[in-house]
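As they're listed, the protein sequences go chains U and S. Residue 383 is where the first sequence starts when you use this note's numbering, and the numbers rise one by one after that. Residue 160 is where the second sequence starts when you use this note's numbering, and the numbers rise one by one after that.
Honestly, I wouldn't trust all of these hints.
[As the list claims (entries may be wrong)] Mimicking BS3-like on lysine-lysine, the simulated pairs with C-alpha atoms at most 27 Å apart in a straight line are:
no. : chain 1 : residue 1 : chain 2 : residue 2
1   : S       : K286      : U       : K667
2   : S       : K353      : U       : K707
3   : S       : K235      : U       : K716
4   : U       : K688      : S       : K235
5   : S       : K437      : U       : K716
6   : U       : K707      : S       : K286
7   : U       : K386      : U       : K434
8   : S       : K235      : U       : K707
9   : U       : K729      : S       : K497
10  : U       : K671      : S       : K235
[What the hints assert, rightly or not] To give a feel for the contact side, a few chain U residues facing chain S, derived at Cβ under 10 Å:
no. : residue
11  : G447
12  : Y448
13  : D553
14  : S654
15  : T658
16  : N680
17  : R705
18  : H722
19  : I725
20  : A726
To be clear, the hints were calculated from the coordinates, so they are not data collected in a lab. Using N, Cα and C, we set each Cβ at its ideal position, and we do this for glycine too.
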Amino acid sequence: MTGKFLSLNDAEYAVFVSQLRQANERLNAFNFIDENKKSGKIISVKDNICVKGMPATASSKILQGYTPGFNATAIQRLEDNGFSVIGKTNMDEFGFGSFGLNSEHPAKNPFNEEYVAGGSSSGSAVATALIKEHVSIAESTGGSISAPAAFCGVVGLTPTYGAISRYGLIDYASSLDKIGFIGKSADNIREVMEKTVGSDPKDTTSLSTAISNKNSHKLYVIDNLMGGIDEGIKDRFEELLVRLSTKDYKIEHVKIDYLEYSVPAYYILSMSEASTNLAKYQGFKYGFKVKDFSLNYNDFFMSARKQFGREAKRRVILGTFIRSKSIKQKYYEKALAIRHAIIARMKNFLKDGFIIMPSMPIFTPKISEVSDISPVEAYSMDMLTVPPNLCGFPHMSFPYFYERGMPLGAQIITDHFNDYSLLDFLSEWEIGFKYKFKEEIG
Amino acid sequence: MKIGLEVHVALPTKTKLFCSDLAYENQEEPNSNVCPVCLGLPGAKPVLNQNALDISARIAKALNCEINEKTWFVRKVYFYPDLPKGYQITQLDGAIGVRGYVDLNGKKIGIRRVQIEEDPARIIREKDYSLIDFNRSGVPLNEIVTEPDITSLEELKNFIEELRSILYYQGVNINQELKTDLNISLAEKRVEIKNVTGVRNLISAAEYEIKRQSALIKEGKEINAETRSYKEDSNETVSSREKETEEEYGFTFEPDLTFYDTTKLEIPKAIIASNVAKELADRNEYNEKTIRELILFNRRNLSLLTSITREEFKKGVSLIEKFASFGVEDYSEEEFRKMLDKDVSSIEKDGFLQLLGRANNAEKKADEAEIEAGIKEMLSFDKTLFDRGIKDEKAMNFMIGEVKEKYHITGKEAAYFIKKVIKGMLNN
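Using the sequences provided together with the hints, build the complete structure.
This is how it looks when you write it as structure tokens:
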């Protein structure tokens with residue numbers, strides 16, 4: 383099946399852009415909207431993926447004014463296949479966040495602007511909810527696609543690590559970063575994904591393995607992961623399982639060791655890598671530029687790196703600490719071991735079935751409820767999205783229920799390179815499910 | 160006395176280590192050989208140059224190293240304006256070669272590691288400001304780390320000479336490219352002299368430092384553990400103003416690259432000039448040093464000298480010396496064979512060239528070759544001249560003056576030859 387995308391003639395595009403701008407003033411979905419007419423099938427792109435000639439800031443002040451002169455491989459492949467990028471979507475700075483609040487103008491939830499959009503691909507989820515037939519090219523490191531997709535009532539698919547080239551993706555943690563998709567129809571996501579997958583000579587970690595769709599009607603629920611979940615979410619999820627079992631899915635409850643360590647392992651590895659990936663921002667070649675050339679090197683770099691937001695500074699400092707010689711074994715090497723242990727244990731189940739769980743452990747919070755929580759509390763919100771991300775397993779968050787006008791999302795996980803089975807599952811789910819949106823333009 | 164070295168040599172690859180820019184580090188136009196990868200632009204990713212991996216494996220093997228079956232890279236994180244990513248991609252535990260040695264007449268100088276790494280950009284310091292040329296950013300290097308097994312200046316000289324003869328047939332000419340960190344301790348405390356350029360400076364720096372430390376010991380004074388630098392103009396080492404703290408680079412696995420399998424690499428048996436020279440000298444009862452110089456002078460000489468009989472050997476050597484002294488560099492095996500049958504012992508240049516069949520415009524050609532060889536020699540003696548090359552008017556004028564005087568040609572002609580030689584050296 384091919385997808386159905388929004389395509390507009392010149393006159394229509396002008397109207398569309400002005401509507402989009404109006405909505406964007408309320409929702410902050412986009413960091414940049416392109417005025418130039420677009421002849422192709424319309425998509426948007428997270429602001430940490432390079433699109434030639436458009437600003438790429440990753441929502442960071444340190445990249446203000448940077449316009450890359452090259453396309454990310456994924457974007458090049460899409461443009462070659464008739465897609466047009468209309469703009470760059472808002473996000474947590476460099477992907478650091480689960481609510482979209484680590485941005486100068488945080489994106490708002492399209493169902494109710496008092497609520498968070500989720501993060502870090504906040505703008506991609508909001509844009510997808512807002513625009514007809516839309517797919518946004520997003521990115522996930524530890525849950526940055528599932529979280530906003532769940533809170534905004536759209537589908538978020540995070541592919542197998544390495545299935546899509548990272549060339550042109552502004553790095554957060556290179557061994558965990560995955561370009562993926564937020565959309566609202568299985569056919570649309572499938573079409574975009576088919577055009578982007580495949581190895582790329584410019585990215586050593588990209589892989590040429592064919593993507594399969596081995597389907598199964600077995601669903602594993604991981605009991606020891608359900609502990610920290612809100613009771614209301616648990617109830618709704620139980621109802622989902624009942625509905626799925628009436629559709630011939632067989633539910634099996636299991637326990638997987640070490641999963642409770644996945645969040646600390648993830649943050650240790652990702653901060654460690656992030657602190658090196660952010661070392662390139664020095665304030666003299668691109669983006670923010672230090673004007674005072676009389677400073678010595680250390681002061682010069684320091685005045686540039688003050689532009690990082692709080693969360694970015696936190697991760698650089700913690701990541702640098704983790705990498706230091708005397709404690710590397712204590713944290714970093716243990717985290718690596720945990721990662722390998724969890725991959726082996728999850729794979730054991732994924733070889734003959736899906737793993738299913740809620741996407742987020744809480745109902746969508748109000749912005750005011752989470753803007754002051756501690757970093758550790760915020761990180762614990764990733765308890766469900768981190769395991770598949772840490773292990774590079776393809777996974778997908780899909781909307782399954784609306785409670786008090788807000789959507790709820792569930793996440794299913796499959797084995798490496800079996801990504802298309804997630805879309806087959808979604809196609810089947812869409813038969814009895816109707817997506818709801820408050821407004822749609824286009 | 161304990162001396163250990165960290166020797167950096169540039170690999171003879173056409174392109175840089177992680178991108179497809181040309182690896183000529185000294186272009187006429189600064190920042191002309193750059194791309195998103197070697198500028199460290201956000202989103203760009205490194206891709207390993209397979210040729211650099213091959214050459215490094217051969218160098219490691221020639222240094223008697225064990226080749227790691229899987230080799231990988233790490234990020235060495237520090238801030239300096241010549242480092243566009245804020246980290247250098249280098250190797251540590253997963254280095255291509257480990258636990259090797261260089262044999263100096265029976266004494267083994269341990270090689271701890273041969274690692275592949277990228278060169279940072281070049282900083283050009285002017286009076287009130289500095290400029291950065293990223294043409295050098297990402298040029299492939301090998302860092303050869305020795306054990307502190309060298310125990311005298313004589314041994315240091317022998318080691319460098321041996322290293323030169325080992326690297327030569329891997330296409331690395333250390334006369335031009337050598338950059339060394341030198342560790343010397345005469346007492347307990349270790350002194351490091353960083354960033355010494357060239358072989359001559361390395362020996363001078365070591366000589367000075369040995370004298371300095373001996374004098375301190377004699378006076379009963381303590382030697383500080385410190386980092387020093389070598390000042391070429393005054394021929395001395397001076398204490399660097401940097402704080403003496405434990406270096407903390409936060410090494411971490413380079414996740415944009417992967418593990419590279421070396422078991423499938425074809426690593427031919429290393430040709431080591433000194434071994435071949437020794438073998439030829441023994442077999443032909445000839446002076447080893449002369450043979451070594453000849454085969455280090457021109458790579459073709461190795462195959463010529465190994466192809467001739469014992470009876471022909473002496474004659475062959477003097478023929479090669481004739482070629483060199485008459486400025487003929489591009490002689491073929493056929494020409495060599497042809498001349499070997501003739502008596503050239505007392506022949507003059509004109510007659511020699513006539514016999515060779517190169518009498519036509521031979522005069523002009525020989526002169527050109529002579530001038531170029533002279534310029535080459537001048538440039539390899541003074542590395543800074545080569546570095547500044549044709550970008551720097553002062554350096555250029557100095558060189559033009561020298562060449563004009565020596566070869567009785569016009570300034571314009573001198574400039575032409577100098578540029579030609581520099582370009583040739585860059586493209587080599």
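Results for each hint:
1. K286/S <-> K667/U: 22 Å, holds
2. K353/S <-> K707/U: 23 Å, holds
3. K235/S <-> K716/U: Holds. K235/S to K716/U sits at ~21 Å (cutoff 27 Å).
4. K688/U <-> K235/S: Within the cut-off at roughly 22 Å; holds.
5. K437/S <-> K716/U: Violated. K437/S to K716/U sits at ~53 Å, over the 27 Å cutoff.
6. K707/U <-> K286/S: 38 Å, violated
7. K386/U <-> K434/U: Holds: K386/U and K434/U sit about 25 Å apart, inside 27 Å.
8. K235/S <-> K707/U: 12 Å, holds
9. K729/U <-> K497/S: Given pair K729/U, K497/S is violated - Cα atoms ~72 Å apart, limit 27 Å.
10. K671/U <-> K235/S: Cα-Cα ~24 Å, so holds.
11. G447: 13 Å, violated
12. Y448: Hint holds; Y448/U Cβ to chain S Cβ min 7 Å, cut 10 Å.
13. D553: 8 Å, holds
14. S654: Holds - the Cβ of S654/U comes within 10 Å of chain S, reaching about 6 Å at its closest.
15. T658: 5 Å, holds
16. N680: With a minimum Cβ separation of about 7 Å from chain S (threshold 10 Å), the hint on N680/U holds.
17. R705: 4 Å, holds
18. H722: Check failed: Cβ of H722/U comes no nearer than 14 Å to chain S, outside 10 Å.
19. I725: 16 Å, violated
20. A726: 19 Å, violated
Hint compliance for this structure: hints 5, 6, 9, 11, 18, 19 and 20 are not met, and every other hint is.
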